[in-house]
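2 protein chains.
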Amino acid sequence: MTLELEDHAFLRELLGDRGVAGPGDDAALLSVRGPLLVTVDPLVEGVHYEPRTSPARIARKLVNRNFSDLAAMGARPDAVVASFVFGPGWGTRRRRAFYRAVDAAVRRFDAAWIGGDIATGPSTVFTLTAFGRAAARPVRRSGLRVGHRLFVTGAIGASLASGHHLDFEPRVALGVRIAQRHGPSAMIDISDGLALDLWRMLDASGGLGARLVAPAIRLRQGRGRERLLEALGAGEDYELLFAVPTGRVDRVRADPELPDAAHEPIGTVEAEPGIRLAWPDGRVESIEARGWVHV
Amino acid sequence: MTLELEDHAFLRELLGDRGVAGPGDDAALLSVRGPLLVTVDPLVEGVHYEPRTSPARIARKLVNRNFSDLAAMGARPDAVVASFVFGPGWGTRRRRAFYRAVDAAVRRFDAAWIGGDIATGPSTVFTLTAFGRAAARPVRRSGLRVGHRLFVTGAIGASLASGHHLDFEPRVALGVRIAQRHGPSAMIDISDGLALDLWRMLDASGGLGARLVAPAIRLRQGRGRERLLEALGAGEDYELLFAVPTGRVDRVRADPELPDAAHEPIGTVEAEPGIRLAWPDGRVESIEARGWVHV
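Chains as they are written, first to last, in my numbering: chain A, 1 to 295; chain B, 1001 to 1295.
It is worth saying that the hints were derived from the structure and are not from the lab.
Note that the structure is predicted; figures quoted are calculated from it, not measured.
Note that the Cβ used here is the ideal one computed from N, Cα and C, for glycine as well.
Some hints here could point you the wrong way.
[Said to hold, decoys possible] With the C-beta cut set under 7 Å, the calculated list includes, among others, these residues of chain A facing chain B:
| hint | residue |
| --- | --- |
| 1 | ALA28 |
| 2 | LEU30 |
| 3 | PRO35 |
| 4 | ASP41 |
| 5 | ASP69 |
| 6 | MET73 |
| 7 | VAL81 |
| 8 | SER83 |
| 9 | ILE118 |
| 10 | GLY121 |
| 11 | PRO122 |
| 12 | THR129 |
| 13 | GLY163 |
| 14 | LEU166 |
| 15 | LEU208 |
Next up, chain A with everything else stripped away, as it sits in the complex (with noise of 0.2 Å):
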């Protein structure tokens, strides 16, 4: 509560007069037409970041991962709401550091950070709920069929040992011209490993299975089978994994906007339930998706 009023009119003065209602109020007002997309996510001290990272770089990551899961819906960010509970650790110019990085972070992307709250508790937990509208219809999980090819825009793995975990660019740009463009039948954002959110697509989709080519997969660090099986499962990657039909495979290999690595499909959706991985030398091994999960 100290905090609160000691923050409030920093606050204030950051956001303005944002939203309808602005942060002064009991509730920030939205004003919107057509369907709304919405998630929420939380940063957790000493478990999504170091206690020692930068205010920037972890108000980057609060923002772009919420931002990354509207990207997967073929979305664009409009406005965020936060709640924050500071722990120790966070003085005042700490938090206003923090503050400012935030609303850069939602600004970049034209959206705007329209109210929320502030307390102190024993731990820090940072809670973005984002607000977003879909260019074209929402993209679902849920929606793979067999024989449908997958992609994804980006290079996997050492999420954390290289930083991207951090300092990654969430694929709002791409998400919508996937959404517009290229009739994706699933999409999903890779944060906690491309087995396991393949994994949930396909659990969405009525239980189907996937073959991966092990070449097509391209690695952040390293190559070799033990780096693709880590960073298969490792996670924080934020790149989009999307699917389509056949008929359409041509066109995402052409799309010029589309970035390399989403010139060439990872592999193909299957009856048989499961993920296997292909190897050049017609090797053909099981990954255990649900048994990858890191805590």
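Guided by the hints, dock chain B onto chain A, whose structure is given.
Same frame as chain A, but now just chain B:
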């Protein structure tokens, strides 16, 4: 993540296909027409409730606190998204009892839990984002004018001692009625103490003041000056504090749907900044609202 997998099927069964996109997608879809009110509030274990509190009471407080914010804008709850970070002490049974109770608390108001996220962390923080629709024009904090009369929908004080802070009923129907029938110039829910929340309205209305009539303020427990001063600063009352122009006072008094407590004004807005408390013997004392902040 293990937690998420373990709970995912349970939640899918509990929530069904409520949102158009539902809890299995990266974002939930809200079908909206017209302006949407959004509020977000965290419940921090050890701050907002004691760790031994039953999951059902924690769930009710989480939901009702957010719905009280909507009520203060004259809005009815429509949907919620949740982000739950579970710390130690939250085994499977306790988590499931909590999920069920959150869902039940939301449904009691004909609203729907449409999506969210679950994670683990060093301590427990539950964050709920609630969406509402205003029956009339949303009521803000900033519309007070000199001479407006102040009303409260119930007794205040002793919220922690009495368990009221866990078991209160959010004033949703009353908030809507007040907004529709009585043209309130401002309304707020009393979460941080009548003194501080009144100060917030006065501040948002351009730095006005107020004179409160001591005997008109009802106390939940006890009586006398000490108890009243305590109650004014204590908070977690979750009653609505609202104001109307003098021409509307008689209609408020005569409204049979308003509780008794709301039939007599508790004070008047004045031009002189600050909050004053007037006693029957003619004494008037100043209340330093900002100094009363509890942590």
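Tested hints:
no.	hint	verdict
1	ALA28	holds, 5 Å
2	LEU30	holds, 5 Å
3	PRO35	holds, 5 Å
4	ASP41	holds, 5 Å
5	ASP69	holds, 4 Å
6	MET73	holds, 5 Å
7	VAL81	holds, 5 Å
8	SER83	holds, 5 Å
9	ILE118	violated, 9 Å
10	GLY121	holds, 4 Å
11	PRO122	holds, 4 Å
12	THR129	holds, 4 Å
13	GLY163	violated, 21 Å
14	LEU166	violated, 17 Å
15	LEU208	violated, 15 Å
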